[in-house]
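Given these sequences and hints, build the entire structure.
Top line first, the protein sequences correspond to chains A and B.
Counting from 1, one number per residue, gives the positions in the first sequence under full-length UniProt numbering.
Counting from 1, one number per residue, gives the positions in the second sequence under full-length UniProt numbering.
Simulated from the structure, these hints should not be mistaken for lab results.
Be aware that one or more of the hints could be misleading.
You can't tell identical chains apart in this list, so a pair holds if it fits in one copy or across any two.
To be verified - Below 20 Å or equal to it, Euclidean Cα-Cα: the simulated SDA-like pairs (lysine to any residue) are:
id, residue 1, residue 2
1, K255, S167
2, K103, Q73
3, K251, N55
4, K190, M162
5, K141, G237
Number of protein chains: 2
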Amino acid sequence: MKENKVGTYSFVAEPFHVDFTGRLFMGVLGNHLLNCAGFHATERGFGMAELNESNYTWVLSRLAIELEDMPAQYEEFSVDTWVENVYRLFTDRNFAIYGKDGKVYGYARSVWAMINMDTRKPADLLSLHGGDIVDYIETEKACPIEKPGRIKVSSCMPVRSMDVYYSDIDINGHVNSIKYIEHVLDLFSKDWYAGHVIRRFEMAYVAESYSGDTLSFFREENEDGTYDIEVRKNVGGENPEGEVVCRSKLKFDNK
Amino acid sequence: MKENKVGTYSFVAEPFHVDFTGRLFMGVLGNHLLNCAGFHATERGFGMAELNESNYTWVLSRLAIELEDMPAQYEEFSVDTWVENVYRLFTDRNFAIYGKDGKVYGYARSVWAMINMDTRKPADLLSLHGGDIVDYIETEKACPIEKPGRIKVSSCMPVRSMDVYYSDIDINGHVNSIKYIEHVLDLFSKDWYAGHVIRRFEMAYVAESYSGDTLSFFREENEDGTYDIEVRKNVGGENPEGEVVCRSKLKFDNK
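Structure below.
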């Protein structure tokens with residue numbers, strides 16, 4: 001396994017996983033990427049199941065996906081994933097998304113922390129399994145997209161509010177990382193997507209939200225045409241500003 | 001292929017596809033079943049891609065799923081599917097869902113029509129490909145659950161209304177069949193699911209809904225403890241009753 005630092009996993013774009021333009025939903029791609037991260041970590045002894053036994057779990061902190069194109073319905077595609085770097089409290093995991101004939105759809109970057117499930121405190125990655133994790137760092141493979149950046153939203157008028165429902169909630173009782181992607185992308189209309197494609201999508205996961213929470217979405221357009229979105233929970237009442245749950249940045253191109 | 005009338009397909013319950021109890025979401029199972037229907041039909045020359053070329057498409061009319069249990073996170077399971085009957089305008093397709101060691105999770109029944117995509121009129125299944133489809137009827141395999149029944153909802157007070165968003169819409173421009181399942185199940189709270197499991201789920205698909213539509217959900221509890229739900233689009237205004245999109249019946253058991 002240490003020889004083979006890059007994991008490769010194959011997928012097909014299923015009918016209910018493509019949007020009205022016939023291209024894979026970004027949330028579905030995100031789900032595949034996170035699954036690949038899980039497969040790759042598990043195969044190397046750092047998977048959720050192993051960690052949960054010792055009371056630790058991986059937490060996704062940042063995700064950035066940049067695409068030239070997106071798989072079409074029924075198309076086969078594959079995802080390469082590898083660990084680019086390991087720091088004391090974070091690790092950088094990258095992805096490359098390929099079509100059947102080696103066509104490059106795009107790349108993704110993610111940043112993960114590990115926490116103790118009781119204390120919710122971060123674990124020292126470099127001391128885990130005697131520092132084993134650094135043996136899996138892949139230094140050769142390029143991920144030619146920018147790292148996730150800072151996202152700042154100053155708008156105080158939500159463009160949408162929604163309650164958290166049953167289908168949003170994962171096994172940890174949190175709104176799952178993929179559902180935030182779907183809800184953020186739903187802030188743009190079908191007409192908008194008829195004329196635009198997502199070139200780059202970024203998400204910064206800040207805090208968890210739960211059943212019973214109300215999520216408010218704040219959106220602003222930047223001078224360069226990108227959009228920044230902030231999701232806050234339970235805005236109003238005792239805590240008028242609510243609490244930031246996640247932030248997203250979207251770069252669209254005209255079709 | 002005519003020898004092998006039952007198709008078998010394997011899956012694993014992915015982390016983002018299980019609910020807070022750690023069991024597969026019903027909508028995800030529904031997605032897998034419909035994919036199996038697609039695989040099975042395609043392998044026998046009756047798939048969407050082949051049909052679309054000749055301007056026809058399959059339309060799901062009814063789905064009923066009855067389960068003793070649901071796969072847990074990371075569990076492998078498989079789906080058998082076969083054609084039970086073919087009539088002039090409808091075909092009955094069944095499913096069996098098994099665990100790794102032959103454990104039976106449950107069964108499902110579905111009813112499909114085929115329509116001409118231009119005229120939206122139903123096609124005569126018995127004359128398609130020279131009546132070839134009847135050669136695939138499997139008469140031996142049992143599907144020991146009741147057929148989908150009639151669902152009648154008289155409530156005129158919606159329990160929820162929601163706009164159709166980008167992530168609801170499939171390649172045909174319709175709200176996809178799986179999203180209705182998710183939205184219907186979201187009418188029940190996380191607390192409800194903490195104490196109840198879905199024993200049987202039924203859906204009757206009546207009409208399509210589109211981007212820009214507003215969906216209203218009407219729910220009533222029957223004397224036997226089952227719930228009937230009707231989804232109508234664009235209730236109010238010129239057409240106070242709106243138009244029925246689908247109806248669902250849910251039977252829960254206490255945990």
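Name the hints, by number, that the structure is in violation of. Hints 3 and 5 contradicted; others consistent.
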